[in-house]
Amino acid sequence: MTVSELAALVGGRIEGGAPGAAVRGVASLHDAVEGDVSFLANPKYATQVAQTKATAVFVAEDAAVSPPEAGGALVRVPSPDGAFAKAVPLFTVPPPVREPGIHASAVVDPAAKIGRGVHIGPLCWVGPNAEIGDGTVLEAHVVIADGASIGENCHIYPMVSVRERCRIGARVIIHNGSVIGADGFGYETHVGPEGIKVEKIPQLGIVEIGDDVEIGANTTIDRARFGATVIGHHTKIDNLVQIGHNVRTGPYCGIVSQVGIAGSTHLGTGVMIWGQAGLAGHLTIGDGVEILAHAGVAGDLTKPGQYLGAPAVPKREALRVFHAPRAVERLKEQVAALEAKVRALEASPQPPVQEA
Amino acid sequence: MTVSELAALVGGRIEGGAPGAAVRGVASLHDAVEGDVSFLANPKYATQVAQTKATAVFVAEDAAVSPPEAGGALVRVPSPDGAFAKAVPLFTVPPPVREPGIHASAVVDPAAKIGRGVHIGPLCWVGPNAEIGDGTVLEAHVVIADGASIGENCHIYPMVSVRERCRIGARVIIHNGSVIGADGFGYETHVGPEGIKVEKIPQLGIVEIGDDVEIGANTTIDRARFGATVIGHHTKIDNLVQIGHNVRTGPYCGIVSQVGIAGSTHLGTGVMIWGQAGLAGHLTIGDGVEILAHAGVAGDLTKPGQYLGAPAVPKREALRVFHAPRAVERLKEQVAALEAKVRALEASPQPPVQEA
Amino acid sequence: MTVSELAALVGGRIEGGAPGAAVRGVASLHDAVEGDVSFLANPKYATQVAQTKATAVFVAEDAAVSPPEAGGALVRVPSPDGAFAKAVPLFTVPPPVREPGIHASAVVDPAAKIGRGVHIGPLCWVGPNAEIGDGTVLEAHVVIADGASIGENCHIYPMVSVRERCRIGARVIIHNGSVIGADGFGYETHVGPEGIKVEKIPQLGIVEIGDDVEIGANTTIDRARFGATVIGHHTKIDNLVQIGHNVRTGPYCGIVSQVGIAGSTHLGTGVMIWGQAGLAGHLTIGDGVEILAHAGVAGDLTKPGQYLGAPAVPKREALRVFHAPRAVERLKEQVAALEAKVRALEASPQPPVQEA
Chain A
971 MTVSELAALV GGRIEGGAPG AAVRGVASLH DAVEGDVSFL ANPKYATQVA QTKATAVFVA
1031 EDAAVSPPEA GGALVRVPSP DGAFAKAVPL FTVPPPVREP GIHASAVVDP AAKIGRGVHI
1091 GPLCWVGPNA EIGDGTVLEA HVVIADGASI GENCHIYPMV SVRERCRIGA RVIIHNGSVI
1151 GADGFGYETH VGPEGIKVEK IPQLGIVEIG DDVEIGANTT IDRARFGATV IGHHTKIDNL
1211 VQIGHNVRTG PYCGIVSQVG IAGSTHLGTG VMIWGQAGLA GHLTIGDGVE ILAHAGVAGD
1271 LTKPGQYLGA PAVPKREALR VFHAPRAVER LKEQVAALEA KVRALEASPQ PPVQEA
Chain B
971 MTVSELAALV GGRIEGGAPG AAVRGVASLH DAVEGDVSFL ANPKYATQVA QTKATAVFVA
1031 EDAAVSPPEA GGALVRVPSP DGAFAKAVPL FTVPPPVREP GIHASAVVDP AAKIGRGVHI
1091 GPLCWVGPNA EIGDGTVLEA HVVIADGASI GENCHIYPMV SVRERCRIGA RVIIHNGSVI
1151 GADGFGYETH VGPEGIKVEK IPQLGIVEIG DDVEIGANTT IDRARFGATV IGHHTKIDNL
1211 VQIGHNVRTG PYCGIVSQVG IAGSTHLGTG VMIWGQAGLA GHLTIGDGVE ILAHAGVAGD
1271 LTKPGQYLGA PAVPKREALR VFHAPRAVER LKEQVAALEA KVRALEASPQ PPVQEA
Chain C
971 MTVSELAALV GGRIEGGAPG AAVRGVASLH DAVEGDVSFL ANPKYATQVA QTKATAVFVA
1031 EDAAVSPPEA GGALVRVPSP DGAFAKAVPL FTVPPPVREP GIHASAVVDP AAKIGRGVHI
1091 GPLCWVGPNA EIGDGTVLEA HVVIADGASI GENCHIYPMV SVRERCRIGA RVIIHNGSVI
1151 GADGFGYETH VGPEGIKVEK IPQLGIVEIG DDVEIGANTT IDRARFGATV IGHHTKIDNL
1211 VQIGHNVRTG PYCGIVSQVG IAGSTHLGTG VMIWGQAGLA GHLTIGDGVE ILAHAGVAGD
1271 LTKPGQYLGA PAVPKREALR VFHAPRAVER LKEQVAALEA KVRALEASPQ PPVQEA
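Protein chains in written order, with the working numbering: chain A, 971 to 1326; chain B, 971 to 1326; chain C, 971 to 1326.
Nothing false has been slipped in among the hints.
In silico DSS-like links for lysine-lysine, alpha-carbon gap of 30 angstroms or less:
1) 1273(B) x 1285(B)
2) 1311(A) x 1311(C)
3) 1285(B) x 1285(A)
4) 1170(A) x 1273(B)
5) 1023(C) x 1170(B)
6) 1056(A) x 1014(A)
7) 1311(B) x 1302(C)
8) 1285(B) x 1302(B)
Because the hints were derived from the structure by calculation, they are not lab data.
From a predicted model like this one, the values you see are computed outputs, not experimental measurements.
Make the full structure from the sequences, and use the hints.
The following block contains the structure:
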């Protein structure tokens, strides 16, 4: 499809670029390569239009932008995101559809309860008393252990393990390799005259995951010592995240890749934690707190707002920490100057002591 | 079961709360929700009794505590942890029991050696010359590759891979998705007139895991370049931990979630490493060293004690680092005050120079 | 085999140690234990010879070293690395060979295209329209989803998932449990009068992996929102690494364990990123940049060289950050001394004001 054909399809007007150039894909302005069509909906990204490598860019009729420097065309349309939404299905492939049915190679325990319209892919294992809700898809190589339950219309990808008795809500997506319900890390160590003894503390609880949760790939969420580790409704968790035993997250939290949350820490509603941050155990993190990337949280955070650094402090304070070395350099110069002046003052002749 | 029934069962005396309230679970004081019974064994947690949401709390007959503010009952007993231990089985479900036998869907190589009383779950693969010790459980979807050996009475969870020739001791637990014996990260890079050439260094060694080790979920322990990567007896490793090739840990170490230990670093006995800490390669970490969360260890640590920060230093020094920005603020004020005073001194009239 | 037998085999001359001692393995000087043979090729490691526990060490005929203090022998040879290369096969076992063929327990969709000489191990799933190139090995328990393609002579280890339509080049190695092509982390959050709404942004792109790439265990590389997440030729990725959607790496990059790279960040050629470093999204990292362990990169890095700290800065500046606390201590002393001197100057009698 050429730029002109695409412009005709969305009722747009071409400005600059090459109308005959081929369009083969869709992309954001930043990510686009030659052959992509992109779009500018939010004026705050207007500066990206000049730099984009896209072959065509949908922009509003009155957008104050010029065609990309790399030679792409602007296509002026009434609604840039509407035009883009029309273009996306032309250049993308939807995910595979999984028809209801149980693959012959899957091992489903006779005591498992399988809902209507369920897809169980090749080489899955569904254990005794496990329950799979209506319309749920288990892709190939999924393990649902004894007595675990999966809600309706979930999508569970290959190599996921849901351990015994854990409970997953409705419309939950779990990506490949994540582990729901492995034992938490808990031991009692006795140091006595016969040496060290390390005893495992049984982890007898479960994991409970709310509705509309999404969990990335290779993430681990440990079962509680007692009771439940809880992930609130609509919470979204990225890849390689560690959630310790007895953690509870509120609804609408976001937990980005490689974050670690130690045992028994509780998150409020809408808590956002960016990549690689770590939270100590037994903390309380209040509603609306945002913990920035790479932070190390060692104490409760109760006020909403952004926190940064290790130990994490409000962002403004953290920036002071980051700028401390520059302040130290300035102080060094000031102190050296003062020392010179004081030396000069000390060297200047003193008046004779006059006694009254 | 009501609070009174529970109190009767353990021979306790109720104080406060609602004797008719239902008890449905067990929990620690911090984690308890309504319906849970908890306990206070160690007086240092006495302040948690007031805050707990537990419906009943076992406390010692002479414990100086009042009933929880949220309305729970105290149940005074001679031994609070004894009473709690009696309550636990009433409200928890033990893990599933795996009977000896090989599931029909498992693929066990004819040249594998399988001990007595072994359970091999659905869809496992056990390769040629692999050995599985007496009483060991392989849950569903476990891969034990060619010539690997697993000791007696181990418990290996789904999606675990033990690669070729690695050796696992007795009573070892490995949680879902962990990888024992993937290749270490090793390359030789040559930059010559024909460009860059990156050659893989073959990783010909193995991993050797001692007795009574536990390994969490999605952890990776790389095989040695030559010889063995060694995990000492009774060492406990959490989830998502990276152990590089040729690392050796002593016995009784604890390695918490998301820690990374680079190649050829050696840990002594009883080394404790908290979450997200990272250790560079080729280091020696002495007996009894404790590396705190999020630390970055760049050099040998030989003295026992706590280390913190990146680069990690003894905890006392690290706290000075954390407080440096506050010290800088104070210095700024002091220097400004000094500058004003020196300006005043310089402005004051100088005595006439008197020649002798 | 004894030290003398080994020396005879490589035409070497023994110096010190016990010629009759048994040699059972090979190792680097640092990693060697009793019974190992090691070697010194690069004189910069000469000091390790004294400390090594190796039983025998190949060294150059004119190397200025004495036998190991622990009692090992030197074996003087014309080429120490040549001699070592001869010894390696005597004491190591090569990886298992996988013969061409499809295991009876593997599930291969009839619409998959399987090349010549391919090995498909037990319990694999290869989906419809997937393509497996000539000579490629899929070990046991590999999932290649719908329409994904794997190049020639690749080696894919157990528990790896390659998701729908992703494309892997030739001679690629992927270790156990890695996930290629899970959805990127992308949502649109609307906060309105009816509350919060979090909508998933469909992730319609793929992952494209170049030739001669190696990927460690339990690493995750997310599919693009649109287009492709791209890993350049000859790039080597370690374990537990997170690569976000729409990331692009150049060729010849090295990405060490537990690194995280957020979405749409682009790496140039030969970028090296050490363990646990994190990169924010939408950054540009230039050719030849080296990001040191544990760094947190928050902005573009365009000049080649080493970067350290969080936020990452050129290494020289980072060291100043690390030394700031010491500088603060020195400043405190200087300021205290100045304050004392200024107090003394202020206390000294002032000359009478002389009016003209």
